[in-house]
Amino acid sequence: MANLYTKKSADYKKIGPKRETINFLLNYSKALRVVDYEEIQFETLLN
Amino acid sequence: MEQLLQDSALVEQYLSGDENALETLINRHSQRVYSFIFSKVFDKDIAEDIFQDTFIKVIRTLKRGAYNEEGKFLPWVMRIAHNLIIDHFRKSMRMPKFEGNDDFNIFSVISDNALNVERQIIKDQVEDDVRKLIKELPQDQQEVLIMRMYKDMSFKEISEITGVSINTALGRMRYAIINLRKIVEKNNIVLTNQ
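In the order they appear, the protein sequences are chains A and B.
Using numbering that gives the first Met the number 0, read the first sequence as starting at 0 and increasing by one per residue.
Using numbering that gives the first Met the number 0, read the second sequence as starting at 0 and increasing by one per residue.
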């Protein structure tokens with residue numbers, strides 16, 4: 000099998016959002032409740 | 000196709016109250032959505048904010064039961080992100096920064112007209128070569144050419160100094176140029192700074 004002479008860059012870092020941002024979104028989702036009252040929707044954040 | 004089905008299945012699970020399904024969805028698409036936003040705004044903090052707002056909108060829409068794009072979760076999220084990016088630029092009324100972007104370098108548009116060191120050396124060499132060539136010309140032609148080109152004198156002044164008519168001075172200049180061209184062609188001399 001042929002040798003590969005290329006190396007992965009040591010600085011290679013995947014671009015993405017911070018862990019805190021994702022945790023915030025998950026907590027926001029858990030806290031958000033949508034209450035239907037007749038034809039009106041109420042959003043409540045239960046923190 | 001499997002990925003699309005999985006997305007829609009996860010959305011359904013989330014709508015029925017499974018919060019872990021949302022985590023899977025966010026983790027699966029976070030890089031793609033974030034990279035898309037970052038490629039437009041070129042700022043990590045702004046990209047982070049828009050990413051967060053995108054998913055807040057996703058969560059609210061899902062919880063309100065207003066999501067109706069079965070099987071097209073990612074394109075829907077991308078569209079929300081795209082709209083929020085447009086909102087961001089409308090609000091800030093600023094153009095995206097170009098610095099630090101490999102695709103576009105502002106210095107490729109704004110050029111520096113001054114010669115670089117290499118070109119300056121070539122220019123000096125060319126000028127030096129031309130001076131040597133002038134020395135090959137007959138004395139009368141050489142005289143007129145130097146007065147006209149290097150001393151910036153008018154043909155009237157040249158004719159007065161050399162004691163010939165203006166027409167003769169013009170003729171000598173013309174022959175000087177023709178002869179210079181002949182010498183250049185004969186000796187295959189390259190006088191260029193490209």
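Keep in mind the hints are simulated off the structure, nothing from the lab.
From the three backbone atoms N, C-alpha and C, an ideal C-beta is built for every residue, glycine too.
Accuracy of the hints is not assured; some may be wrong.
[Stated by the list, open to error] Label-pair distances were calculated between CB atoms; the ranges are: (1) Asn22/A x Ser38/B: 51 to 59 angstroms; (2) Ser91/B x Gln40/A: 29 to 37 angstroms; (3) Lys17/A x His81/B: 31 to 39 angstroms.
[To be verified] The calculated PhoX-like cross-link candidates involving lysine-lysine, where the alpha carbons are at most 25 angstroms apart (straight line), are: (4) Lys62/B x Lys17/A; (5) Lys131/B x Lys185/B; (6) Lys43/B x Lys56/B; (7) Lys150/B x Lys17/A; (8) Lys39/B x Lys90/B; (9) Lys71/B x Lys29/A; (10) Lys155/B x Lys134/B; (11) Lys13/A x Lys122/B; (12) Lys17/A x Lys43/B; (13) Lys17/A x Lys181/B; (14) Lys181/B x Lys134/B; (15) Lys62/B x Lys39/B; (16) Lys39/B x Lys71/B; (17) Lys43/B x Lys62/B; (18) Lys90/B x Lys43/B; (19) Lys62/B x Lys13/A; (20) Lys90/B x Lys71/B; (21) Lys122/B x Lys185/B; (22) Lys185/B x Lys134/B; (23) Lys17/A x Lys29/A; (24) Lys39/B x Lys29/A; (25) Lys131/B x Lys181/B; (26) Lys29/A x Lys62/B.
Cross-check of the supplied hints:
1. The hinted window of 51 to 59 angstroms between Asn22/A and Ser38/B is violated, with their beta carbons roughly 24 angstroms apart.
2. For Ser91/B and Gln40/A, the Cβ-Cβ distance of about 31 angstroms falls inside the hinted range of 29 to 37 angstroms, so the restraint holds.
3. Here the CB-CB span from Lys17/A to His81/B is close to 22 angstroms, at odds with the stated 31 to 39 angstroms.
4. Taking the CA atoms of Lys62/B and Lys17/A, the gap is near 24 angstroms; set against the 25 angstroms cutoff, the hint holds.
5. Using a Cα cut-off of 25 angstroms, the hinted pair Lys131/B and Lys185/B holds, with the two alpha carbons roughly 15 angstroms apart.
6. Simply put, Lys43/B and Lys56/B have alpha-carbon atoms about 20 angstroms apart, close enough for the 25 angstroms limit, and the pair holds.
7. With a C-alpha separation of about 70 angstroms, the suggested pairing of Lys150/B with Lys17/A is violated against the 25 angstroms cut-off.
8. Of the supplied pair hints, the one linking Lys39/B and Lys90/B holds, its CA atoms being roughly 15 angstroms apart against a limit of 25 angstroms.
9. Simply put, Lys71/B and Lys29/A have alpha-carbon atoms about 23 angstroms apart, close enough for the 25 angstroms limit, and the pair holds.
10. Between Lys155/B and Lys134/B the CA atoms are separated by roughly 23 angstroms; this keeps the pair inside 25 angstroms, and the hint holds.
11. Simply put, Lys13/A and Lys122/B have alpha-carbon atoms about 48 angstroms apart, too far for the 25 angstroms limit, and the pair is violated.
12. With a CA separation close to 10 angstroms, the supplied pair Lys17/A and Lys43/B stays within the 25 angstroms bound.
13. With a C-alpha separation of about 72 angstroms, the suggested pair Lys17/A and Lys181/B falls outside the 25 angstroms cut-off, and the hint is violated.
14. At most 25 angstroms may separate the alpha-carbon atoms for a hinted pair to count; Lys181/B and Lys134/B meet this at roughly 14 angstroms.
15. At roughly 29 angstroms between alpha-carbon atoms, Lys62/B and Lys39/B are farther apart than 25 angstroms, so this suggested pair is violated.
16. A distance of roughly 22 angstroms separates the Cα atoms of Lys39/B and Lys71/B; the hinted pair therefore holds under the 25 angstroms criterion.
17. With a C-alpha separation of about 28 angstroms, the suggested pair Lys43/B and Lys62/B falls outside the 25 angstroms cut-off, and the hint is violated.
18. For the given pair, Lys90/B sits about 18 angstroms from Lys43/B by alpha-carbon distance, which is consistent with the 25 angstroms threshold.
19. Between Lys62/B and Lys13/A the CA atoms are separated by roughly 31 angstroms; this puts the pair beyond 25 angstroms, and the hint is violated.
20. Between Lys90/B and Lys71/B the CA atoms are separated by roughly 29 angstroms; this puts the pair beyond 25 angstroms, and the hint is violated.
21. Using a Cα cut-off of 25 angstroms, the hinted pair Lys122/B and Lys185/B holds, with the two alpha carbons roughly 22 angstroms apart.
22. Note on Lys185/B and Lys134/B: the hinted pairing holds, with a Cα-Cα distance of about 16 angstroms set against a maximum of 25 angstroms.
23. With a CA separation close to 19 angstroms, the supplied pair Lys17/A and Lys29/A stays within the 25 angstroms bound.
24. The suggested pairing of Lys39/B with Lys29/A is violated, with an alpha-carbon distance near 30 angstroms, which exceeds 25 angstroms.
25. Between the alpha carbons of Lys131/B and Lys181/B the distance comes to roughly 14 angstroms, so the proposed pair stays at or under 25 angstroms and holds.
26. Note on Lys29/A and Lys62/B: the hinted pairing holds, with a Cα-Cα distance of about 11 angstroms set against a maximum of 25 angstroms.
When held up to the earlier numbered hints, the structure conflicts with 1, 3, 7, 11, 13, 15, 17, 19, 20 and 24 and fits the remainder.
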